[in-house]
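Undergrad: First residue of the sequence shown? That's 1 in our numbering, and the numbers climb one at a time after it.
No lab work stands behind these hints: they were computed from the structure. Given the structure is predicted, the values throughout are model-derived calculations rather than measurements.
Quick list of in silico lysine-lysine cross-link-like pairs, DSS-like style, CA-CA up to 27 Å:
1) Lys-95 with Lys-109
2) Lys-120 with Lys-109
3) Lys-12 with Lys-39
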Amino acid sequence: TRQFRNLPLSYKTSDGRLYDILNGEVVQPERLLHHEHLKDRRRNLHRRNQEVCRDQKTRGDSWAELEQQRRHARISSVRFQGQKVRGYNVITQQKHKDPKPHKYHPKPKLSVWEAMQKTKS
Numbered sequence: 001t002r003q004f005r006n007l008p009l010s011y012k013t014s015d016g017r018l019y020d021i022l023n024g025e026v027v028q029p030e031r032l033l034h035h036e037h038l039k040d041r042r043r044n045l046h047r048r049n050q051e052v053c054r055d056q057k058t059r060g061d062s063w064a065e066l067e068q069q070r071r072h073a074r075i076s077s078v079r080f081q082g083q084k085v086r087g088y089n090v091i092t093q094q095k096h097k098d099p100k101p102h103k104y105h106p107k108p109k110l111s112v113w114e115a116m117q118k119t120k121s
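Work out the full structure, taking the sequences as your base and the hints as a guide.
TA: So, in C-alpha cells, the structure goes:
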C-alpha cells in the first residue's frame with residue numbers, strides 16, 4: 001500500500017483501479033462515485049459553455065445584422081447629388097432656389113488626404 005500511495009493520481013483513479021473491467025465488479029465504490037461526479041461536472045460545464053457560445057453567437061449575429069441595416073440606411077451626400085445636378089425637385093417640379101443643400105443634408109466625405117491635412121493643422 002505504501003507503493004500504491006506513491007503512484008500518480010491518474011493511475012490510482014483510472015478505470016482499471018476503480019472497477020474490474022472484465023466483469024464490471026466495483027472495487028472502490030466511493031472513489032468511483034467521486035470519479036463519476038467529476039465527469040458529470042465536466043459534461044455540465046461543456047454543455048453550459050456551448051449554450052453560452054450559442055447565445056453569444058445569436059446575439060452577435062443579430063447585432064451585426066442591425067449594424068448592417070444601419071450602415072445601409074446611413075445618409076450619404078451621394079444620395080443628393082442627382083437632385084443638385086438636375087436643378088429641380090422631381091416630385092414638385094420646382095427649381096432649386098439655392099444650390100446649397102439644406103442644413104440636414106450631410107457634408108461630402110473627406111478623402112484620406114484631406115482628413116490627414118485637417119488633423120495635421
